[in-house]
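If you use the UniProt record's numbering, the sequence shown closes out at 930, no skipped numbers anywhere.
It is worth saying that the hints were derived from the structure and are not from the lab.
Please read all numbers here as calculations on a predicted model, not as lab measurements.
Ideal Cβ placement from N, Cα and C applies to all residues, glycine included.
Warning: the hint list may mix true and false statements.
Derived lysine-lysine pairs resembling DSS-like cross-links, with alpha carbons at most 27 Å apart [as the list claims (entries may be wrong)]:
hint: 1; residue 1: K410; residue 2: K516
hint: 2; residue 1: K371; residue 2: K410
hint: 3; residue 1: K409; residue 2: K180
hint: 4; residue 1: K516; residue 2: K144
Distance ranges between label pairs, derived from CB positions [claimed, not checked]:
hint: 5; residue 1: N43; residue 2: R110; range: 58 to 64 Å
hint: 6; residue 1: T541; residue 2: P481; range: 18 to 24 Å
hint: 7; residue 1: A502; residue 2: E141; range: 40 to 46 Å
hint: 8; residue 1: E42; residue 2: T97; range: 49 to 55 Å
hint: 9; residue 1: V205; residue 2: E242; range: 23 to 29 Å
hint: 10; residue 1: H122; residue 2: N441; range: 30 to 36 Å
hint: 11; residue 1: A142; residue 2: D106; range: 21 to 27 Å
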Amino acid sequence: MCAMLARAPLRRWPALGTVSNLQRQAASTKVFAEPEAHRKVENQVNSLGDFNAFKADPCLQDAVLRAGASWATEHLENVGAVAGSTWMQSLAVQANTHRPIIHTHDDRGRRVDMVQYDDSYHTIMDICFSQGVPNYGWTHEAEKGAQSARSALSYMMYQAESGTQCPQTMTFACVPVLRKGLNEEQARYGWAEKAACPDYDPRNVPVYEKEAVTIGMSMTEVQGGSDVRANSTFAEPLKGFEHVRGHLLHGHKWFTSAPMSDGFLTLAQTSEGLSCFLVPRWVPSTGERNQGLQFRRLKNKLGDHSNASSEVEYHGAYAELVGEPGRGVPTIIDMVQHTRLDCLVGSAGLIRRCLSEALHHTSQRAAFGAKLADQPLMKAVLTDLIVDSEAATALAFLVASTFDNDGDKKFGRIATPIGKYYVCKRAPHFAYECLEALGGNGYVEDSIMPRLYRQAPLNAIWEGSGNVIALDVLRSAAREPETVEVLLQRLGSVQGVPAYDAALKRLHGLLHSVQKDMSQARALVGQAAMLLQAYALSLQTNTETFELFCQRLDGGQLAYARDYGTVSYPDTVLRSRLDALHAACVHDDLDSPFSRHQIPSTLKESRTNIMDVQCDNVGLRELRRRLDELMNKLLHQLVAGDSPHFRLPSHVRFDADKGYYRLTTASHLMVRSQSPRFEYILRLCQEMYALIGTHSSRTVRDIFYNGRSSFRTQHDAQQALLDISTLLCVRQEALPVFASNKGLVCGDITLLDSMGRTLISREQAISRSDNLIPSLRAKDTRRIPLASLFENYAHSCSSHCSYSAMPIHTAQRFKPAATRSWRARMPVGSAFGLLTLPAVATIGRQVSILTGFNTLRFDLKAACLPQEGNDFNLLERLLAHPALHPKERAGLQEMATARTKAELEAINVHHPRFLSDRYLPIKVREALQG
1 MCAMLARAPL RRWPALGTVS NLQRQAASTK VFAEPEAHRK VENQVNSLGD FNAFKADPCL
61 QDAVLRAGAS WATEHLENVG AVAGSTWMQS LAVQANTHRP IIHTHDDRGR RVDMVQYDDS
121 YHTIMDICFS QGVPNYGWTH EAEKGAQSAR SALSYMMYQA ESGTQCPQTM TFACVPVLRK
181 GLNEEQARYG WAEKAACPDY DPRNVPVYEK EAVTIGMSMT EVQGGSDVRA NSTFAEPLKG
241 FEHVRGHLLH GHKWFTSAPM SDGFLTLAQT SEGLSCFLVP RWVPSTGERN QGLQFRRLKN
301 KLGDHSNASS EVEYHGAYAE LVGEPGRGVP TIIDMVQHTR LDCLVGSAGL IRRCLSEALH
361 HTSQRAAFGA KLADQPLMKA VLTDLIVDSE AATALAFLVA STFDNDGDKK FGRIATPIGK
421 YYVCKRAPHF AYECLEALGG NGYVEDSIMP RLYRQAPLNA IWEGSGNVIA LDVLRSAARE
481 PETVEVLLQR LGSVQGVPAY DAALKRLHGL LHSVQKDMSQ ARALVGQAAM LLQAYALSLQ
541 TNTETFELFC QRLDGGQLAY ARDYGTVSYP DTVLRSRLDA LHAACVHDDL DSPFSRHQIP
601 STLKESRTNI MDVQCDNVGL RELRRRLDEL MNKLLHQLVA GDSPHFRLPS HVRFDADKGY
661 YRLTTASHLM VRSQSPRFEY ILRLCQEMYA LIGTHSSRTV RDIFYNGRSS FRTQHDAQQA
721 LLDISTLLCV RQEALPVFAS NKGLVCGDIT LLDSMGRTLI SREQAISRSD NLIPSLRAKD
781 TRRIPLASLF ENYAHSCSSH CSYSAMPIHT AQRFKPAATR SWRARMPVGS AFGLLTLPAV
841 ATIGRQVSIL TGFNTLRFDL KAACLPQEGN DFNLLERLLA HPALHPKERA GLQEMATART
901 KAELEAINVH HPRFLSDRYL PIKVREALQG
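Please take these sequences and the hints and turn them into a complete structure.
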């Protein structure tokens with residue numbers, strides 16, 4: 001070898017500064033300019049864009065109607081529009097890009113055990129909780145099909161962002177356990193009621209300071225995994241806490257998701273055996289942090305990046321017994337059953353989103369002389385995917401319906417794990433096939449498909465992997481033979497289809513053989529799942545999909561063991577599903593609602609960018625082009641007069657009962673306006689807001705301001721745009737409801753801080769708005785840069801007051817409604833500031849004031865209506881309320897006697913627990929300490 005190397009000639013590389021032969025050849029070759037046509041981007045499909053996830057899914061609509069939940073259709077349509085919006089996708093991208101960060105200690109070395117989430121995560125959680133994704137079934141228990149309606153919400157939001165569904169699922173699933181397992185002393189803190197509350201409160205505070213909580217689940221340990229009976233964590237009784245069955249836990253848990261939950265249901269050994277416990281972040285009876293609950297690290301997961309999963313250690317962690325001692329698994333099994341339902345529903349939702357992406361792409365992408373969706377092979381694949389998706393959806397909602405009807409509990413006990421096993425295992429293969437339909441575009445991270453593909457395997461592992469579920473089904477069949485009888489009775493009701501009858505016969509054979517050979521358990525559960533899917537499809541109004549699905553049952557081969565596109569189907573199913581998807585899409589939603597001929601010619605002819613920044617990257621050029629287009633539309637709307645040719649945009653709804661147009665924008669600004677034009681203006685601001693948020697700070701700085709503006713990050717740009725839309729709201733005489741960092745705004749745009757002081761009046765806001773758009777009334781509106789608009793805004797704000805978004809659910813509570821109460825979480829020292837507003841008489845029936853010890857409820861219309869010159873009605877009502885704690889009454893007495901703003905400022909009572917010089921003057925503190 002050495003001799004060969006010695007004889008081999010050394011390769012000589014050209015020295016630096018020399019010209020190689022290739023360089024000489026290139027220099028001597030005449031280079032022609034690349035034709036313009038070669039640089040055009042053609043035959044590329046845009047992303048799916050805004051669509052309604054409910055309207056696009058006929059199978060989902062049919063399932064909701066069959067469950068008797070037609071009363072929830074309007075709400076489902078509204079949530080479907082949110083779930084399918086590009087704004088929600090921008091939030092999902094941001095939440096998964098900026099992963100949670102754990103902080104175990106503060107800067108002084110003290111343990112804090114905090115997990116920091118991106119703001120987009122909290123926004124998604126806020127939307128989901130307020131719209132009922134984890135709680136709709138509990139808040140509407142009296143309605144028929146309530147759990148099916150809640151499952152439909154979860155199904156759609158799982159398509160939008162999957163990671164946030166984990167804490168929502170656990171919060172949903174814990175409610176039955178908390179209702180049954182807590183004694184009277186434990187229940188007085190309202191764990192079950194607050195878990196079912198349609199509200200989201202991410203604050204790290206004790207449960208008695210909240211109206212809504214999230215609950216996690218912590219079961220598996222490093223040595224046992226799914227074998228929870230091998231758990232080594234043990235509990236010892238805690239003296240002095242017998243009334244709440246207090247214990248101290250010692251041990252660990254290997255996988256604990258949503259570590260910022262307010263409490264965790266966990267399993268630990270006691271002298272009576274494995275028992276169930278509730279581990280709160282804060283000890284309810286003392287208000288102290290649970291020091292023994294310590295989070296070690298976060299898992300670096302394949303997917304599910306927006307959701308934090310952690311390892312936890314119990315070093316004498318405070319916990320309260322739930323249920324009977326030694327009955328841990330039977331106690332928590334109800335939560336497991338509800339969680340498995342959501343695994344099944346979530347995977348069906350993910351499958352549906354993958355299908356929507358594949359249908360959208362192939363229906364617009366051309367190859368080999370025709371659209372992909374018109375090519376015979378692709379037709380077969382797409383139709384196969386449609387049948388598979390609708391079978392998964394039908395089975396998911398068949399199982400969900402068993403949670404609505406007590407008579408179906410036996411069937412649900414065996415159908416839930418069967419459906420969870422099969423559909424969750426099917427999802428990764430399905431996601432891959434849809435990714436392949438998108439080709440290379442589906443494999444790049446700019447697409448949604450990689451996120452869906454990484455998410456797909458999760459639910460098959462959560463709450464029992466394949467083998468665990470299969471063995472669970474066998475144990476259930478042996479322990480409760482009646483569940484098998486109910487299952488066979490349901491499956492036997494379908495007759496007259498040879499392929500189905502043969503498959504049912506094979507199932508009977510597997511039921512006998514598995515008793516001797518447990519290795520047949522997977523085959524048994526898979527066969528039962530396929531028959532259950534066929535049975536669920538047979539119940540649909542249109543049985544066409546059922547007939548196509550039965551073709552899969554020929555030969556006994558499980559669906560996930562064969563390739564897609566190997567069964568021949570007619571074209572009708574594919575065409576009808578494509579039509580449904582296209583009909584649910586918002587086509588060119590941001591086009592001007594005015595006739596084309598009425599748009600000024602200067603705007604028609606102007607194709608120059610309003611931001612003169614050179615940008616070579618294709619994605620940035622597209623961003624600049626879209627923002628240019630939106631700004632031109634925005635400027636046109638601001639200068640245009642009324643037009644009889646106005647067309648109401650599809651996203652704006654007219655509420656006939658209330659007499660105004662309603663729209664919730666990306667900034668969560670709840671707007672009530674008589675002006676459809678104003679709704680359209682805010683819609684333009686909404687997309688611009690979302691576009692800014694999807695790009696880095698450097699990109700925003702380079703594109704918008706070219707490094708010359710004081711707005712240096714995309715957050716600053718979004719904040720300014722939010723302020724601009726707010727001020728535009730003032731000009732259009734609308735009624736906005738939103739929150740600032742110092743108070744609330746309602747009615748006449750007077751902004752008050754927590755002490756009732758005016759921060760900005762309506763007149764000041766109009767003045768700022770006038771300064772903001774000084775040249776919009778000019779004839780030539782072509783070249784008003786976005787940077788100039790922002791800078792004019794900055795200069796017009798002599799005393800800057802930043803606005804923050806009020807959550808959608810909070811804004812909705814301002815709507816007059818006879819059946820809803822408006823609840824506000826606010827310190828007792830600032831609560832009265834809200835009620836100084838004239839519009840308070842119309843916002844609802846009740847207001848809840850959270851104090852350190854109680855939640856006090858008031859009938860606004862009867863007792864708390866403010867009177868002219870009197871800002872202290874609420875304070876007087878607080879003092880007269882019988883539930884007010886004596887310490888609080890003593891501290892608030894001085895506020896009741898203060899009749900000037902200066903006296904109020906000197907008191908500044910925010911919470912009775914803050915007994916320090918920082919918050920209270922000596923006189924008040926002494927009164928509170930008694």
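Hints and how they fare:
1. K410 with K516: holds, 25 Å
2. K371 with K410: Distance ~48 Å between K371 and K410 Cα, so the pair is violated.
3. K409 with K180: Roughly 17 Å separates the two Cα atoms, so the pair holds.
4. K516 with K144: Judged against 27 Å, a Cα distance of about 43 Å means the pair is violated.
5. N43 with R110: 58 to 64 Å: holds, 59 Å
6. T541 with P481: 18 to 24 Å: Given a distance of about 34 Å, which is not inside 18 to 24 Å, the answer is violated.
7. A502 with E141: 40 to 46 Å: holds, 42 Å
8. E42 with T97: 49 to 55 Å: violated, 30 Å
9. V205 with E242: 23 to 29 Å: holds, 26 Å
10. H122 with N441: 30 to 36 Å: holds, 31 Å
11. A142 with D106: 21 to 27 Å: violated, 47 Å
When the structure is compared with the earlier hints, violations turn up for hints 2, 4, 6, 8 and 11 and for no others.
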